[in-house]
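Starting from the given sequences, assemble the full structure and let the hints guide the process.
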Amino acid sequence: MGSYVLRRLLALIPTLLIASIIVFVTIRMIPGDVIDLMLSQNDIGADKRSREQLVHALGLDRSMPDQYFRWVSAILQGDLGNSLWHSTPVLREVLNRLPVTFELGAMALVIGLLIALPIGVYSAMRQDTPGDLAARSFAILLLAVPSFWMGTMVMVFPSIWWGWSPEINYVKFSEDPWQNIKQMILPALVLGTSLSAVTMRMTRTMMLEVLRQDYIRTAWAKGLSERVVILRHAVRNALIPVVTLIGLQAPLLIGGAVIIEQIFVLPGMGLMMLEAVNQRDYPVITGVFLVVGVTVMLINLLVDLTYGLLDPRVRHQ
Amino acid sequence: MSSSPLPDTVVLPSARSPTRQFFSRLIHEKPVGAAAALVFLLFVFCGVFANFLAPYGFNEINMLERLKAPSWKHLFGTDNLGRDMLSRCLYGAQLSVIIGLSAAALATTISVLIGLLSGYLGGKIDMVVQRIVDAYMSFPELVILIAVVSVVGPGMLQIIGILSLVLGIGGSRIIRSAVITARENMYVHAAQSIGASTPRVLWRHLLPNIMPPIIVLFTTRVGAAILIESGLSFLGLGVPPPAPTWGGLLSGSGRTYMFQGPWLALAPGLCLTAVVYATNVFGDALRDLLDPRMRGSK
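Just so you know, the protein sequences line up as chains A and B, in that order.
In terms of our numbering, the first sequence is residues 1 to 317.
In terms of our numbering, the second sequence is residues 318 to 615.
You may find that some hints are simply not true.
Claimed, not checked - From the derived model, a few chain A residues whose C-beta atoms are all more than 12 Å from chain B:
hint : residue
1    : A11
2    : P99
3    : W220
4    : E226
5    : L231
6    : L309
To be verified - What the simulated footprint calls covered on chain B by chain A, stretch by stretch (three residues with Cβ under 8 Å from a Cβ of chain A suffice, anywhere in the stretch; the number is not a length):
hint : stretch
7    : 498-511
8    : 574-583
9    : 595-606
In short, the hints are calculated from the structure, not lab data.
Owing to the predicted nature of the structure, the values given are computational and were not obtained by experimental measurement.
Using N, Cα and C, we set each Cβ at its ideal position, and we do this for glycine too.
The following block contains the structure:
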């Protein structure tokens, strides 16, 4: 296991390097007219800054490779730069916002699994029955319903029918855990439901594969009850690959969180990025962009390691 | 059968064109898929002929008719400026058709180019390309799009361009794995051994044989592109107003008035869901018909 972990960690280095180049190239290709726009919009305290100061603050007065190396070495020292608007370190703000997105993502993941696993298992057990067909149609419909529409409906209709609307002022978990959970449950439900479709389909496929195995036939032949065959023999084995889905869904969770945070006004990373885009606060945009990518990579690494722990065959490949 | 004498003339199985054969299989084996294809064609039709179908202009303001519930005069109701929602949804379909089809076409082309080269050449090139694809796929599509739009500004062309790049890089994986399977076929080795050039092998031998996954990829990309674009427009970073994108209709000023006119929230969302649902179902049916190996997978 030790060498496996080491191998995986080493493999992360080139990917991280490439990711940093992607972020750098995407954002630092800022054409000159954007600077003019920033100045003319007067929205970054431009009255206090001259064009030269702005160019310097963005580091645009140096050559590209020089800019890149300065940027990377600053990151390695834990410095993501300062916000142009608030003049605060981006890293501190990111660390402030990260828990909100994490909580939303984790709750959505759990809710998604709670919806997907029972339906997926049921669907496989009753393959090609009306129940299976209904479950599959439901899953493919969920894939098509945009989460922002679901979120909008959740905001609009309860308010019209019952005069109920979700709390807008965010309460931290550490301040009032109960209020915080109450506030997060609805956004998490929307995000989790829209993500459950993929898991449902994957669970069904995996279960179908496992149900055809010899050991399942043996279990049936021994006269075990359906409950024991399904829960103890089939589900346990079918769920191992589903663990990888958590890694695959990490980008979807964070991408979805951007929209959900905007609808429910949750001060997470997504809302932070959108605010920064509106203010053209490039250091913040760059910082969030990079942190999102690195987070997804780390989640994937963690999932791979867990997978190696659950299934010894993976380690020896 | 064995007792009957041989007929004078041999009737060959009806030589129908492969296209007709395909459609007859689609209708008989996958009726739901065929229905989805019809919905999709209807959507393309609405998009192409929006100018003729829409009863009103998409930005035709009529203050006397503001916030009217759906009626015969305004099937989908009107918004806070008295603009007809049906017309706005039809023009929205036009934007979705343009963005969905062109981004999907470009994305699929990019996927095929990367997948073919990476899969066929293998070795170091494949390794480097795959690491770049890995890194790209760690970023949520929406986050990349938001970051790029923050630099290049919102607009139709920018969105088509970035969307196809992001979706294209992600989709290259599917093409690559199809190429890796196909390149071990005897006919490819035969072509290589008679000295066919790499472009020739790729173009004449590999590409025709990986058409099924390419077609399926294209279909699913249409839905994905429409969905992501609407998300971006919803965040106010898509095609700028007054263009009535479906995502845009659900945000901005529409949002403020949804509590008085809930039909404002229904129409664009239903259009979006119906079209994406149809492309997904049609894509699934195509995959089952064209590529039995991928059956049941995601």
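We went through each hint and held it up to the structure:
1. A11: At roughly 9 Å from the nearest Cβ of chain B, A11/A sits no farther out than 12 Å, so the non-interface label is violated.
2. P99: holds (18 Å)
3. W220: holds (22 Å)
4. E226: holds (23 Å)
5. L231: The assertion about L231/A holds, with a minimum of 23 Å to chain B.
6. L309: For L309/A, whose nearest Cβ neighbour in chain B is about 22 Å away, the distance exceeds 12 Å, so it holds.
7. 498-511: violated (count 0)
8. 574-583: Three-residue rule met by the stretch 574-583 of chain B, so holds; n is 4.
9. 595-606: This one holds; 3 residues, not fewer than the three required, reach chain A with a Cβ under 8 Å.
Of the numbered hints listed earlier, those contradicted by the structure are 1 and 7.
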